[in-house]
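Starting from the known structure of chain Z, arrange chain V on it as the hints suggest.
There are 2 protein chains.
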Amino acid sequence: MGRGSRVRIPMATRNRNKIDEANYVLRDFGIELYPVNVEKLEIQSEDLEEIARFAALQAYQALGKPVVVEDSGLFIEALGGFPGPYSSYVYKTIGLKGVLKLMEGEENRKAYFEAVVAIALSERDVKTFVGRVEGRIAGEARGSHGFGFDPIFIPMGFDTTFAELGIEVKCSLSHRAKAFRAFGEWLRTNIDILSLWETP
Amino acid sequence: MGRGSRVRIPMATRNRNKIDEANYVLRDFGIELYPVNVEKLEIQSEDLEEIARFAALQAYQALGKPVVVEDSGLFIEALGGFPGPYSSYVYKTIGLKGVLKLMEGEENRKAYFEAVVAIALSERDVKTFVGRVEGRIAGEARGSHGFGFDPIFIPMGFDTTFAELGIEVKCSLSHRAKAFRAFGEWLRTNIDILSLWETP
Numbered sequence: 004m005g006r007g008s009r010v011r012i013p014m015a016t017r018n019r020n021k022i023d024e025a026n027y028v029l030r031d032f033g034i035e036l037y038p039v040n041v042e043k044l045e046i047q048s049e050d051l052e053e054i055a056r057f058a059a060l061q062a063y064q065a066l067g068k069p070v071v072v073e074d075s076g077l078f079i080e081a082l083g084g085f086p087g088p089y090s091s092y093v094y095k096t097i098g099l100k101g102v103l104k105l106m107e108g109e110e111n112r113k114a115y116f117e118a119v120v121a122i123a124l125s126e127r128d129v130k131t132f133v134g135r136v137e138g139r140i141a142g143e144a145r146g147s148h149g150f151g152f153d154p155i156f157i158p159m160g161f162d163t164t165f166a167e168l169g170i171e172v173k174c175s176l177s178h179r180a181k182a183f184r185a186f187g188e189w190l191r192t193n194i195d196i197l198s199l200w201e202t203p
Numbered sequence: 004m005g006r007g008s009r010v011r012i013p014m015a016t017r018n019r020n021k022i023d024e025a026n027y028v029l030r031d032f033g034i035e036l037y038p039v040n041v042e043k044l045e046i047q048s049e050d051l052e053e054i055a056r057f058a059a060l061q062a063y064q065a066l067g068k069p070v071v072v073e074d075s076g077l078f079i080e081a082l083g084g085f086p087g088p089y090s091s092y093v094y095k096t097i098g099l100k101g102v103l104k105l106m107e108g109e110e111n112r113k114a115y116f117e118a119v120v121a122i123a124l125s126e127r128d129v130k131t132f133v134g135r136v137e138g139r140i141a142g143e144a145r146g147s148h149g150f151g152f153d154p155i156f157i158p159m160g161f162d163t164t165f166a167e168l169g170i171e172v173k174c175s176l177s178h179r180a181k182a183f184r185a186f187g188e189w190l191r192t193n194i195d196i197l198s199l200w201e202t203p
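Listed in order, the protein sequences are those of chains Z and V.
Numbers in the numbering used here are just positions in the first sequence, counted from 1, shifted up by 3.
Numbers in the numbering used here are just positions in the second sequence, counted from 1, shifted up by 3.
Isolated chain Z, as found in the complex (with noise of 0.2 angstroms):
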């Protein structure tokens, strides 16, 4: 399918990155996502999807049609599910550095990446695809790819973390892959759903 004929779908986010993997899965299926600047309340909440489902509604509301977003977390077992749903602020405050150092002498280093993405095509009528990969925590940051916490992230089958996997690796496999891929499917199978976005 040729890139014209794509049907370009408003994601609230400002993460290019995010943005850039779900492209990747989604070129298969004909859509194309881009970044609309509206501000994206996430609740607090152990329950990705139950933050990703509060985001779309808030989004749906601000913009008057429906807007994708993702959310996504590290869930590191020994830590009781730390960082989860707050990955990004984790991230910010204390890093990469800070994670490593509580799994410092920790044999069981057993971690999964989550994405939930969300859509609301009504206030009453939100849609959530999950996707989920296991995997465990280096001993250390390797890599350079991609972004958050990749570098620490060994995915199941592999002994390289997701930053030393390129894109088209990580995108095999990945949460966010597999999420946007159920988000796509749906979508082919309720292809009516894209006449919201097409432009005339």
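For the record, the hints were derived by calculation from the structure and aren't laboratory data.
Check before you lean on any hint, since a few could be wrong.
Stated by the list, open to error - Covered, in the sense of this in silico footprint (three residues per stretch, anywhere, with C-beta under 8 angstroms from a C-beta of chain Z), are these stretches of chain V:
1. 44-55
2. 73-85
3. 102-108
To be verified - Not everything, but these chain Z residues come out facing chain V in the computed CB check (under 7 angstroms):
4. 46
5. 47
6. 50
7. 83
8. 84
9. 85
10. 89
11. 96
12. 97
13. 101
14. 104
15. 105
16. 176
For each residue, glycine too, the CB sits at the ideal point set by N, CA and C.
Okay, now just chain V, sitting in the frame of chain Z:
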């Protein structure tokens, strides 16, 4: 002022310690808070006042009358303000032990506790009252009074943690006491507001 003449005001919290500390201060103002079971919707923000303001509005909308909300956090300088607004989540996951581990070998142990009390008088009129206490992070957890991060916080001018001090000393200097005292002072000069809660 006798107990019988106190004005009872609802507070949206499930934390009995917060109610106790607030009432310790507010009894001097003839006010007694009692817990109400209303969802306290907290947004993700690095600004406690913004979180408290939003929660106060939500509680007002849910109950149809002004409800006291309070939000507080521990801000550690060397950790970029972490755990800040997410203190209760961080306490529940990595706990005192995790925060002490992050501070291992750290010479700058400066920190402060901040509390914001908020109350919505209408959809457009939210009052907020801020209290702050400076101090430092202890080398190890000590004491059994209070709750949350009290065992690792040493207020300026002391050598003991909040958890080693009883409620009387804590409430003579704490962030929460300062915020509720400001709330009490404001009510004293706006006594007509009290009629919003008075039972006939």
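A quick look at each hint next to the structure:
Beta-carbon proximity to chain Z at under 8 angstroms applies to 6 residues in the region 44-55 of chain V; the threshold of 3 is reached and the given coverage holds. Three residues within the 8 angstroms Cβ limit are the bar, and the region 73-85 of chain V against chain Z gives 4, so the coverage statement holds. With a threshold of 8 angstroms between beta carbons, the proposed coverage of the region 102-108 of chain V by chain Z holds, since 3 of its residues qualify and at least three are required. Against a cut-off of 7 angstroms between C-beta atoms, the interface hint on residue 46 of chain Z holds, since the closest Cβ of chain V lies about 6 angstroms away.
Because the beta carbon of residue 47 of chain Z sits about 4 angstroms from the nearest beta carbon in chain V, less than 7 angstroms, this interface hint is met. Hint on residue 50 of chain Z is violated. Least Cβ distance to chain V is approximately 12 angstroms, over the 7 angstroms limit. A distance limit of 7 angstroms between C-beta atoms decides the matter here; for residue 83 of chain Z the minimum to chain V is near 4 angstroms, and the interface restraint holds. A hinted interface residue such as residue 84 of chain Z counts as satisfied when its beta carbon comes closer than 7 angstroms to some beta carbon of chain V; here the least separation is about 6 angstroms, so the hint holds.
Taking 7 angstroms as the C-beta contact cut-off toward chain V, the hint placing residue 85 of chain Z at the interface holds, the least distance being around 4 angstroms. Taking 7 angstroms as the C-beta contact cut-off toward chain V, the hint placing residue 89 of chain Z at the interface holds, the least distance being around 5 angstroms. For residue 96 of chain Z, the interface hint holds, since its Cβ comes within 7 angstroms of a Cβ in chain V; the closest pair sits about 4 angstroms apart. Given the 7 angstroms rule on beta carbons, the hint for residue 97 of chain Z holds: about 5 angstroms separates it from the nearest Cβ of chain V.
Because the closest C-beta pair between residue 101 of chain Z and chain V is about 6 angstroms apart, less than 7 angstroms, the hint holds. A cut of 7 angstroms between beta carbons decides the hint on residue 104 of chain Z: the least distance to chain V is about 6 angstroms, and the hint holds. Contact between residue 105 of chain Z and chain V, as hinted, is supported at the beta carbon level, the nearest pair being about 6 angstroms apart and thus within 7 angstroms. Hint on residue 176 of chain Z is violated. Least Cβ distance to chain V is approximately 26 angstroms, over the 7 angstroms limit.
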